[in-house]
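Undergrad: Join the two chains, each given in its own frame, into one complex according to the hints.
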Amino acid sequence: MAPLLEIRDLHAEITGGRKIINGMNLTINPGEVHAIMGPNGAGKSTLSYVLSGKPGYEVTSGEVLFRGVDLLSLSPDERAAQGMFLCFQYPLEIPGVSNMAFLHTAANSQRKQRGEPELTSPELVRKVRELGKQLGIDTDMLKRPVNVGFSGGEKKRNETLQMMLLEPFLSILDEADSGLDIDALKVVSNGVNAMRSPDRSFLVITHYQRLLDYIVPDVVHVFAAGRIVHTGGKELALELEATGYAQYQNEAA
Amino acid sequence: MAAVQDTVEQVRSIDVDQYKYGFETNIESEKAPKGLSEEVIRFISARKDEPEWMLEWRLDAYRRWLNMAEPTWARVDFPQIDFQDLYYYAAPKKFKAPKSLDEVDPEILKTYEKLGIPLREQEVLAGVEIPEGERPKIAVDAVFDSVSVATTFKEELKAAGVIFMPISEALREHPDLVRQYLGTVVPTTDNYYATLNSAVFSDGSFVYIPPGVRCPMELSTYFRINEKNTGQFERTLIIADKGAYVSYLEGCTAPMRDENQLHAAVVELVVLDDAEIKYSTVQNWYPGDAEGRGGIYNFVTKRGDCRGRNSKISWTQVETGSAITWKYPSCVLRGEGSSGEFYSIAISNGRQQVDSGTKMIHLGKNTTSRIISKGISAGRSNNTYRGLVSAHRKATGARNFTNCDSLLIGETCGAHTVPYIEAKNPSAQFEHEATTSKISEDMLFYCMQRGLSQEDAVALVVNGFVRDVLQQLPMEFAVEAQKLISISLEGSVG
Ligand SMILES: Nc1ncnc2c1ncn2[C@@H]1O[C@H](COP(=O)(O)OP(=O)(O)OP(=O)(O)O)[C@@H](O)[C@H]1O
Ligand SMILES: [Mg+2]
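For the record, the sequence lines run as chains A and B.
Per the numbering used here, the very first residue in the first sequence carries number 1; after that it's consecutive.
Per the numbering used here, the very first residue in the second sequence carries number 1; after that it's consecutive.
Calculated from the structure, these hints are not laboratory results.
Hints are not guaranteed to be accurate.
[To be verified] Below, in silico cross-link-like pairs of lysine to aspartate or glutamate (EDC-like), each with a Cα-Cα straight-line distance of 20 Å or less:
| hint | chain 1 | residue 1 | chain 2 | residue 2 |
| --- | --- | --- | --- | --- |
| 1 | B | Lys31 | B | Asp49 |
| 2 | B | Lys110 | B | Glu24 |
| 3 | B | Lys438 | A | Glu93 |
| 4 | A | Lys54 | B | Asp49 |
| 5 | B | Lys228 | B | Asp289 |
| 6 | B | Lys31 | B | Glu107 |
| 7 | A | Lys155 | A | Asp181 |
| 8 | A | Lys143 | A | Glu154 |
| 9 | A | Lys143 | A | Glu93 |
| 10 | A | Lys112 | B | Glu455 |
| 11 | A | Lys155 | A | Asp183 |
| 12 | A | Lys54 | A | Asp70 |
| 13 | A | Lys143 | A | Glu116 |
| 14 | A | Lys143 | B | Asp468 |
| 15 | A | Lys54 | B | Glu455 |
| 16 | B | Lys158 | B | Glu173 |
| 17 | B | Lys31 | B | Asp85 |
| 18 | A | Lys19 | A | Glu32 |
| 19 | B | Lys158 | B | Asp241 |
| 20 | A | Lys155 | B | Asp442 |
| 21 | A | Lys54 | B | Asp442 |
Pulled out of the complex, with its shape left as it was, chain B reads as follows (with noise of 0.2 Å):
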């Protein structure tokens, strides 16, 4: 209940008009030499200690990307990238995989103090004002620039069989269950971004629940890029095995500059029989400035496979900052009976164009899927979501319900939906409801006339058309989120 209340108190409480994530650590890093180069993989894998295999992959991704081509059917638009023009890795000086938080360099940990970050076990995320001994625990792996600096609750996880650690360290530790699950969700040729990122991924977490177990708290993975012209790549694999669940979480933000960065990220989920992934996502990097100069390219490749039977995926995402955004997260169906939820809300403001949705491939019988997405443009913006729901020839009983709704604030913006869909099996029953509305002016005068400042007013009527994505975020998430789209939306009326 006192949740619109306190959206509207925190958009009081926030200093308008600033990305508040937009500071720079001032740290010294090491980089890659600039551009990319098989020499430039051979770096980024020697200073993983990567096994030969693993660098072999690489270099076998770079080799098809040099021949691929950039995608150009989504609705956004931004000049050429130059991508001999970036660095590929930079980490810390001096870094060496801390083995506690005392051995992480001080301006780090401040870094992640200021982004209200919990690395101490004892502490939650920032704003968040439950009791003690009422808070939930949250496993954080915070990844910087190209490497992980901290991941805590180690050892309580470990009791309970769950492997949560940075890629590379399990590269090192765990190489089987790495090799028998990476790239088997999204190819290495997927795409022109992913098959990049196959070639120059740094960090980035992985997850492993063994069969039978319930993750005894939330996991959740924090990127930060820091330096400059760095492009970031991060790369996670999350495996529930039979019968496990684990929920997690993931956030994001970056210094303000003006130039742009490039953030290309594959994210692969398997889920065995019984088994259930819930995937939460804020996504609050630099959105770049009232004219469109600077923020964050956001293209982004997240896929789940739904492989065993009753298996399940939900992902959530509440998408509010990066200059341009392009995002699928997708289940493949594939287990009879499995399920995929994708929750999505969208803000674009300013200048950022959006194009987002969601695949849910359904090839397993019996198996359902659910979308609901809210769009939100406002200022000059443009949002497009774009969804497939698609059942294979053998999906007998495919079952889809789709909800998509777009909301209009101001008359500069533009909102699109393009919805595909191919049903191979008679049985599929697909359903499509979609609106598109402007902010009601009435509705505004109306909450105006009670008391409410526009901003405000503006706040509650789209926390009420987001409402039924939010309740579908783990709590202390709802609470970022709304902040976050209140912020988003600052400025975007009068």
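Extracted from the complex, chain A is given alone in its bound form (with noise of 0.2 Å):
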């Protein structure tokens, strides 16, 4: 099986600055859920930004393969077409566009890009209708301008939504705990679990085992000084939670 997922040796800084990225090495087949844990600052977020094609950082070598496609070649929106979801840590807030608009738009800009078929307005609304029922969004948050106003939890909510609704391949995750009450953590996990399947995969940024109870990770790795220092099981998670990231530190140095 081809994986889904593929980055060798990469290296990225932000444009202008600083290195981030240092060496790393992962892959990710299909259907699998990694997670990602370690220290604050180490570069889990940029990762999820190189990934995605966030102007402002520098990839200076390596290459990531993503459904084999050489994906660093790709603009932004022809990876979100070819099925990559970045679940953001701080969602932006877009005034004056209404959640159903965007959503709908979105949703048609990559059926567009892939030569599907577009959804009709009337089929859109019931799959969002339906989806926010599963999530707990009412009709009038899907009318009200993006994340405009919304609590931290509810953005995070919205995340999840605009995700099941785009379906697809790989959906990286950056915290999307965070803010979370314990309902709403169930929720989230509950809409990424009914999105679990053999062709699509996840990759969970977290620094809290709790959300990995509930989106049971297949792999756990230790992500420190820009690289992934050590990776093992689900248990991996619980001995984190214990012993701290001091030991892979000294590793990553």
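TA: If you want it as structure tokens, here you go:
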């Protein structure tokens, strides 16, 4: 089986600034859930930005294959259409643009790029309402401008809604659990679990083992100083909770 | 909801880098001799079969104009205009006011067809998909260079008592009505360009809504400059008598030419007791090319007089075209309890220069006004909001709310806000909010991560930015305006 994502010896820096990703290797196969844990400032969010193509970062060497395609040569929207989704640690607000309109535009932009038929308004509205019900997002929130005035938890639910509508092959969740109360944590995790399938994978960045009780990973990586320094099974998360990262930080240095 | 989606689709479907209205109609025209003189003014007046008083009025304006100077206070920069190097009148040759559409030159009909302007009464504005039966009717007055070539729905409007016709025709058919109001809102000596317009205006629309009548359909005028080296000086006069209501739309385009062309219009609105005029403009004159060659100089005076108690004027404008825009649609709030609104979207790209805004002059008691202005600058353009809110000594209880937001796209454009506030009555309450922001890279990236191309992302963010104003436009115009916004901003990032 061909891997979904292959990162080979990736080095990246902030344009004109510090080097953040430092010889990163990672292979994710279809259907797998990988968790990444690591100290603050290690470069986890940066990794998610480099993979999704955010301007302001420069890949200095290495390569990334996504579904067999050279990911780094694609623009952010092309990566999205290929099936890469980034669940933002801090979702952006877009004043004046209704959530529903945004979802419609996003879904159909991707479909158009892939040469698939577009969703009609009624189709989309039906789908979104259904997902909204699962995630505890009411119609009022769908009419409001994207994320404007949403609470931290509501923003995360909204990210999950976008993910479930867009049905990406790889979802990168950057601290999807931060700011969530227990109920919201369950709702978001249930959403992810409902999407799990043999051809869909997840890269879950988190600081807390608790999230991994709900989204059970196949593999756990320790990420420090810009690369993966240790890999284990789901029990590694529990271990880390007890011991912290001190030993790995030495290893990375 | 689907509005934003529409925009995005329309951007895709439209050829980039093309001012798609830039074509030229090949038609023989009759012009006044080049330059400006009493003789030329007599020529125009004679062509229009005007009453003697009208000619005198024009000549009086001309003589005053000779002693006036061009205003220099606006933040715009352009070479001196040679007023003797222009034609002041151009009309399709052998032009006789057509009795029906069948008499209109087919070349001209084709032009409007290409522009998507419905001259046949069963048509609607192009690009609007509304099922038969639900389509709003729009009466159109089509002005081609210096003459009105067609006016639709005349009969139906007449039955309602509404007068909607070219002003040249109104001067012949309703001279007393025109004379009673013409120049009473924008006096001939108001400013350099208005005075010039008073001397040489060629055509434009005249609207009169009788007492208590709600105009049964939207009225619109569509201006097209076609001839080379020809200025367009139209004059519009709209009167809403007591308790009347009308919604009026104005659109305009011009061919792409290397030289600049002058457009100096005057619009006067008169609103009596309990009446209301809603005036919407989508201004899409040719803006010139990316290097700033060509384009229309749009020097326009628009003013409404809320003469009656509880009268109301609402200006909504979407300004996307013109090389230079100099335009301040204003309200004189004379009647007690009258109110004025100004909603504006002004977009500048390339080398465009916009200096636009409004004046709200509170004269009467308990008058209110509201200003919402959204300026978007991209490319190497400059975009200035200039607004005056004043309360007269007697304007007890005057209230104004102003919100003025600017959005910058890129590093090489400018946005400026110049508010003037004068309150001579201590009870006046004026509120002013203003923001300037750069289009956020993070916001664009967020949109692109969800699948939108860079241009779609910009269009979406900008549409969100201008939403409050777009909502003020009649629906079919809002669609048109959204299209324009996206086109105007093409190539503004990356
Ligand atoms: N645009 C930037 N300019 C300068 N430094 C940056 C920029 N973006 C990230 N950094 C730095 O890069 C390092 C890695 O940041 P990153 O956000 O990727 O860490 P992280 O592993 O996600 O941390 P956390 O667990 O706190 O979310 C940090 O030291 C951060 O300050
Ligand atoms: Mg982070």
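Undergrad: A separate judgement is required for each hint: does it hold in the structure or not?
TA: Structure-based check of each hint:
1. Lys31(B) to Asp49(B): holds, 16 Å
2. Lys110(B) to Glu24(B): Since the Cα atoms of Lys110(B) and Glu24(B) sit roughly 11 Å apart, the hinted pair holds (cutoff 20 Å).
3. Lys438(B) to Glu93(A): Holds, at about 14 Å.
4. Lys54(A) to Asp49(B): violated, 66 Å
5. Lys228(B) to Asp289(B): holds, 17 Å
6. Lys31(B) to Glu107(B): holds, 18 Å
7. Lys155(A) to Asp181(A): holds, 13 Å
8. Lys143(A) to Glu154(A): Since the Cα atoms of Lys143(A) and Glu154(A) sit roughly 14 Å apart, the hinted pair holds (cutoff 20 Å).
9. Lys143(A) to Glu93(A): holds, 14 Å
10. Lys112(A) to Glu455(B): With a Cα-Cα distance of about 15 Å, the restraint between Lys112(A) and Glu455(B) holds, given a limit of 20 Å.
11. Lys155(A) to Asp183(A): Between Lys155(A) and Asp183(A) the Cα gap is close to 14 Å, so the pair holds against 20 Å.
12. Lys54(A) to Asp70(A): holds, 16 Å
13. Lys143(A) to Glu116(A): violated, 26 Å
14. Lys143(A) to Asp468(B): holds, 15 Å
15. Lys54(A) to Glu455(B): Status holds; Cα separation ~16 Å.
16. Lys158(B) to Glu173(B): holds, 13 Å
17. Lys31(B) to Asp85(B): Measuring from Cα to Cα gives roughly 13 Å; hence the hint holds.
18. Lys19(A) to Glu32(A): violated, 29 Å
19. Lys158(B) to Asp241(B): holds, 16 Å
20. Lys155(A) to Asp442(B): holds, 16 Å
21. Lys54(A) to Asp442(B): Measuring from Cα to Cα gives roughly 8 Å; hence the hint holds.
In terms of the numbered hints stated before, the structure departs from hints 4, 13 and 18, listed from lowest to highest.
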